[in-house]
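Each protein sequence line maps, in turn, to chains A and B.
Its first residue numbered 1, the first sequence is counted upward by one per residue in our numbering.
Its first residue numbered 1, the second sequence is counted upward by one per residue in our numbering.
Calculated directly from the structure, the hints in this document are not laboratory data.
Warning: the hint list may mix true and false statements.
What the hints assert, rightly or not - With beta-carbon atoms standing in for the labels, derived distance ranges: (1) TYR273(B) with GLY91(A): 29 to 39 Å; (2) LEU103(A) with ILE274(B): 45 to 55 Å; (3) VAL351(B) with LEU90(A): 41 to 51 Å; (4) GLY138(A) with ASN304(B): 25 to 35 Å; (5) LEU90(A) with MET203(B): 45 to 55 Å.
To be verified - No farther apart than 20 Å at their CA atoms in a straight line, the calculated lysine to any residue pairs in the SDA-like style are these: (6) LYS280(B) with ASP144(A); (7) LYS66(A) with PHE183(B); (8) LYS280(B) with GLN37(A); (9) LYS94(A) with PRO278(B); (10) LYS94(A) with ILE305(B); (11) LYS94(A) with LYS229(B); (12) LYS66(A) with THR218(B); (13) LYS229(B) with THR218(B); (14) LYS280(B) with GLN139(A); (15) LYS66(A) with GLY181(B).
Positions of the beta carbon are idealized from the N, C-alpha and C atoms, including for glycine.
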Amino acid sequence: MSVDHPIEPTRRDFLLIATGAVAAVGAAAAIWPFIDQMNPDAATLALASIEVDVSQVAPGQSITAKWRGRPVFIRQRTDEEVKAAKGAPLGDLKDPVARNANLPSDAPATDENRAAPGKENWLVMVGVCTHLGCIPLGQSGDYDGWFCPCHGSTYDTAGRIRSGPAPENMAIPPFEFTSDTTLRIG
Amino acid sequence: MSGHSSYVPTNRFMRWVDARLPLPRLVYDSFVAFPVPRNLNYAYTFGGILSLMLGIQIVTGVVLAMHYSGNSALAFHSVEQIMRDVNWGWLMRYMHANGASFFFVAVYIHIFRGLYYGSYKAPREILWILGVVIFLLMMATAFMGYVLPWGQMSFWGATVITGFFTAFPIIGDPIQQLLLGGFAVDNATLNRFFSLHYLLPFMIAGVVILHIWALHVTGQTNPTGVEVKTKDDVVPFTPHATIKDGLGMVVFLLFYCWFVFYMPNFLGHPDNYIPANPLKTPAHIVPEWYFLPFYAMLRAITFNIGPIDSKLGGVLVMFGSIIVLFFLPWLDTSRVRSAVYRPIYRIFFWVLVVDTIFLGWLGSRPAEGIYPTLALIGTIYYFAHWLVILPVLGLVETPRKLPASIAEAVLGPNYASGTAAGAAPPSGSVSAPENR
Numbered sequence: 001m002s003v004d005h006p007i008e009p010t011r012r013d014f015l016l017i018a019t020g021a022v023a024a025v026g027a028a029a030a031i032w033p034f035i036d037q038m039n040p041d042a043a044t045l046a047l048a049s050i051e052v053d054v055s056q057v058a059p060g061q062s063i064t065a066k067w068r069g070r071p072v073f074i075r076q077r078t079d080e081e082v083k084a085a086k087g088a089p090l091g092d093l094k095d096p097v098a099r100n101a102n103l104p105s106d107a108p109a110t111d112e113n114r115a116a117p118g119k120e121n122w123l124v125m126v127g128v129c130t131h132l133g134c135i136p137l138g139q140s141g142d143y144d145g146w147f148c149p150c151h152g153s154t155y156d157t158a159g160r161i162r163s164g165p166a167p168e169n170m171a172i173p174p175f176e177f178t179s180d181t182t183l184r185i186g
Numbered sequence: 001m002s003g004h005s006s007y008v009p010t011n012r013f014m015r016w017v018d019a020r021l022p023l024p025r026l027v028y029d030s031f032v033a034f035p036v037p038r039n040l041n042y043a044y045t046f047g048g049i050l051s052l053m054l055g056i057q058i059v060t061g062v063v064l065a066m067h068y069s070g071n072s073a074l075a076f077h078s079v080e081q082i083m084r085d086v087n088w089g090w091l092m093r094y095m096h097a098n099g100a101s102f103f104f105v106a107v108y109i110h111i112f113r114g115l116y117y118g119s120y121k122a123p124r125e126i127l128w129i130l131g132v133v134i135f136l137l138m139m140a141t142a143f144m145g146y147v148l149p150w151g152q153m154s155f156w157g158a159t160v161i162t163g164f165f166t167a168f169p170i171i172g173d174p175i176q177q178l179l180l181g182g183f184a185v186d187n188a189t190l191n192r193f194f195s196l197h198y199l200l201p202f203m204i205a206g207v208v209i210l211h212i213w214a215l216h217v218t219g220q221t222n223p224t225g226v227e228v229k230t231k232d233d234v235v236p237f238t239p240h241a242t243i244k245d246g247l248g249m250v251v252f253l254l255f256y257c258w259f260v261f262y263m264p265n266f267l268g269h270p271d272n273y274i275p276a277n278p279l280k281t282p283a284h285i286v287p288e289w290y291f292l293p294f295y296a297m298l299r300a301i302t303f304n305i306g307p308i309d310s311k312l313g314g315v316l317v318m319f320g321s322i323i324v325l326f327f328l329p330w331l332d333t334s335r336v337r338s339a340v341y342r343p344i345y346r347i348f349f350w351v352l353v354v355d356t357i358f359l360g361w362l363g364s365r366p367a368e369g370i371y372p373t374l375a376l377i378g379t380i381y382y383f384a385h386w387l388v389i390l391p392v393l394g395l396v397e398t399p400r401k402l403p404a405s406i407a408e409a410v411l412g413p414n415y416a417s418g419t420a421a422g423a424a425p426p427s428g429s430v431s432a433p434e435n436r
């Protein structure tokens, strides 16, 4: 039949391609709900602001709050720990960025940028190792900060990654002290 | 290999079936008359053993699912009920848990047998690649199954392994949230893992059928690596392979039962009898033993490589350690299949075995002191084996002289002297009765 209709596209070719395109788009649209259903559902997304009473946390003590299914370390650091964190030269840090949700994303990882504003002894951070999500152990490791037992990442007293496979400093969540003894996270 | 069918229906009913759905013919041609090399040793029985283990896992798994609850509030408790209350529940669970381990014992022997005898070489590349696909599916299935008891190791293993995906820039976090159904491992994660853990074994069974199909197109390799040339090189699958596979299965099951009945928790981790706690990571997380070599490679990368940070580097190395197997048929440049005739490759093969076991041992150690450095050395050697040693060795190694045929290798040179190239041997030159 191609003798009568050489290379010239016919109306039938057009219909075939147009139908195929519509079918492909339709198939993709039909697949999407089956993928998207796996994403976090409304109940999981809903929310996430918690208030924590920190009046009982003495210097050198920590508490752990649960926020979005993950632990948040709230620690009133000792003066020695703050001094150690301030003493670390920025050039020694594996991750030079503060990772503080309350600051611009390029803020340097100084101790001031990691600690609570105006309360340099207080450190509030998501207690999840940035390597593969384990919970680091407090006040251990080479820097007396945190040590992740899973793969050996070591964090200093400001929660900054110093050695091991983790790529980033532990995250500081959005938070503020609503009073001297109350902390709101999220 | 897939020659003419020799199936002859024996009665009117079978003729009637054969004309409509020749399933009996397929079974006869595949598992009765199918010709197998006459020199297969017991290393070749693990394919059959693996099929048996898949069957055991599916049967015990379906039974366990009748009593298990895929909900984070109930899962741990339901597993304890299976152990204490359900009739024979302890047996089903121990068979299933140890069955996973023995599945991997068998698959590792099966893989190393393929490496030793060069089973991946042309024309068996697709057969090999399908095997690697099965291996990956097995790993995914085993990982998700280990999460279901919802103990501490379940929870933190799931956290670490889904954390792999966060290593990828930009798309990493959304992918992890898609897999978890949340921001951390939780009920949504457990529920979907249960669903997928039930699905994947049937996908494995599907790929196994393709694997066997590919095997029956090319025929089996054998310890000499010489292709089958005449009918004197082969014996019928039944009774020869059937009986040999059967004995292999019995011996394998003896070891399996020894673990199931006398040391059912030896291969498990005691921390998994502690209910999952999202706020406390166990002091020392280890995966199941069959993942340890890969785990060691993940942890070996503790430094940034240019733009690739240490975390992404570790994840890429770990996935790469299996992806490289897909390319093995083209990485090995030697035209000789079997290590029996490759004196230098044979040494490197055993060094690889030792290196893999060494990495496995390192994976069980804490990530401190000298261990990460040793793991890095082991990892470098592992990749050097595939990417440097195999390509180069094929070019420089002088293989030993291959036998002219399988029959000559088995029956001696006297057999060959009476045989013109390609022609059938004179009758009486072989003594095996099945060749009458």
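So, going through the hints one by one against the coordinates:
For the pair TYR273(B) and GLY91(A), the beta carbons lie near 47 Å from each other, so the given range of 29 to 39 Å is not met. For LEU103(A) and ILE274(B), the Cβ-Cβ distance of about 38 Å falls outside the hinted range of 45 to 55 Å, so the restraint is violated. Checking the proposed 41 to 51 Å range against VAL351(B) and LEU90(A) shows it holds: the Cβ atoms sit about 45 Å from each other. The hinted range of 25 to 35 Å is satisfied by GLY138(A) and ASN304(B), whose Cβ atoms lie roughly 26 Å apart.
A hinted range of 45 to 55 Å holds for the C-beta pair LEU90(A) and MET203(B), which are about 51 Å apart. Taking the CA atoms of LYS280(B) and ASP144(A), the gap is near 19 Å; set against the 20 Å cutoff, the hint holds. For a cut-off of 20 Å, the pair hint linking LYS66(A) to PHE183(B) stands: about 12 Å separates their Cα positions. Straight-line distance between C-alpha atoms of LYS280(B) and GLN37(A) comes to about 29 Å, which puts the hinted pair past the 20 Å bound.
Simply put, LYS94(A) and PRO278(B) have alpha-carbon atoms about 28 Å apart, too far for the 20 Å limit, and the pair is violated. For the suggested pair LYS94(A) and ILE305(B), the alpha carbons sit about 13 Å apart, so the restraint of at most 20 Å is met. For a cut-off of 20 Å, the pair hint linking LYS94(A) to LYS229(B) is broken: about 62 Å separates their Cα positions. Distance restraint check for LYS66(A) and THR218(B): the Cα-Cα separation of roughly 58 Å exceeds the 20 Å cut-off, and the hinted pair is therefore not satisfied.
Taken as a hint, the LYS229(B) and THR218(B) pair is honoured in the structure, with Cα atoms around 13 Å apart against an allowance of 20 Å. Between LYS280(B) and GLN139(A) the CA atoms are separated by roughly 15 Å; this keeps the pair inside 20 Å, and the hint holds. For the suggested pair LYS66(A) and GLY181(B), the alpha carbons sit about 18 Å apart, so the restraint of at most 20 Å is met.
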